[in-house]
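Residue numbers (our numbering), protein chains in the order written: chain A, 62 to 323; chain B, 176 to 247.
Honestly, the hints are just simulated from the structure, not real lab data. It is possible that some hints are incorrect.
[Claimed, not checked] Pairwise CB distance ranges (calculated):
id, chain 1, residue 1, chain 2, residue 2, range
1, A, Ala-80, B, Glu-190, 38 to 48 Å
2, B, Ala-194, A, Ala-120, 34 to 44 Å
3, A, Lys-153, B, Ser-197, 22 to 32 Å
Just so you know, even glycine gets a beta-carbon here, dropped at the ideal spot from N, CA and C.
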Amino acid sequence: MSIVALATEGSGYTSPGVADFWQPLVGNGAFAITRASVAILVSVAVLSWLLLAGTKRMAVVPSKRQFATESTYGLVRNGLGRDIIGSHDFLKFVPLLFTMFVLILLNNLFSIIPVVQFPTMSRVAFPTALALVVFVVYHVVGFRKHGLVGYFKSIIPAGLSVGLMIPIFLLELITDLFTRPVTLALRLFGNMFAGHLLLVLFIGGGEYLLLHGAGAFKLAGVGALGMGFVMTVFEILVQVLQAYIFTLLAALYIAGAVANDH
Amino acid sequence: MDGSSGRREPASGREADQAWRSFAYLLSGPLLYGGGGLLLDRWLGTSFLLPVGIVGGMALSIYLIWFRYGSR
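Please take these sequences and the hints and turn them into a complete structure.
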């Protein structure tokens with residue numbers, strides 16, 4: 062049997078694609094309530110509950126829940142806020158950074174939490190909205206710190222020869238206004254999209270091979286499902302890492318705007 | 176722990192910032208000047224300005240990274 066014959070014959074399986082990510086639950090079109098919109102609302106409710114419960118009865122010897130909440134907060138406050146923005150003015154950004162971190166983390170983990178099983182950030186609008194918040198914050202902080210003209214002046218490195226000033230200024234401008242916020246959003250989106258696609262492929266394809274395949278294909282199905290399990294574990298790593306990197310970069314961008322020299 | 180790690184903060188933050196910023200420059204250069212080349216190509220009816228823009232933009236990005244982080 063050639064591959065072509067198999068491909069034309071086995072029309073029962075549709076390989077996963079972009080269509081898998083468009084899941085309207087109520088309505089359709091631009092204002093539809095999708096699985097992702099429900100997921101992010103659920104995440105806000107779950108986070109509110111977790112954080113309120115984790116900080117309710119604060120004790121010197123913390124409960125497990127308080128310990129978990131405190132160490133997550135400590136990671137963001139000290140590891141991302143203080144170490145990167147600097148001890149002088151990091152505190153006012155910690156609420157933003159912490160909110161972003163836990164929100165992204167939970168929404169990423171939704172990819173592998175049964176029933177939800179959908180990474181919210183694989184719909185590009187969600188990371189875009191988050192990146193827009195970061196974008197507005199770090200530019201407003203920069204304008205406040207340096208003034209409008211001073212901010213644009215501060216993006217050119219000192220000591221540059223006159224001939225290169227304009228091309229470098231344009232390069233810096235595009236980097237700050239376009240590349241950094243766009244890559245921030247796309248990095249998170251791409252990782253979640255690709256990761257979920259991979260899981261759908263291995264698990265969906267494995268299930269199809271196992272149930273509908275004949276002979277050796279059943280064996281391949283077992284292999285694919287095993288791979289699906291391995292990738293699920295790997296995805297947990299990616300999900301945590303991407304939440305961390307998004308927050309890290311948000312902190313770095315803010316740090317750049319707060320710093321005296323750019 | 177609070178006091179000792181506080182002193183380290185500018186360095187660790189700066190190194191991470193340099194790495195990520197360099198990456199952004201390497202994207203921006205070819206994007207900006209390649210894009211400009213493409214538009215000029217469309218306008219002038221030529222076809223060599225896009226590759227020149229991409230390579231030139233990349234060169235400018237690398238120069239900027241060297242200038243910012245390597246030369247002092």
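**OP:** Return the numbers of the hints above that this structure violates; sort them in rising order.
**Re:** Hint check: nothing fails, all pass.
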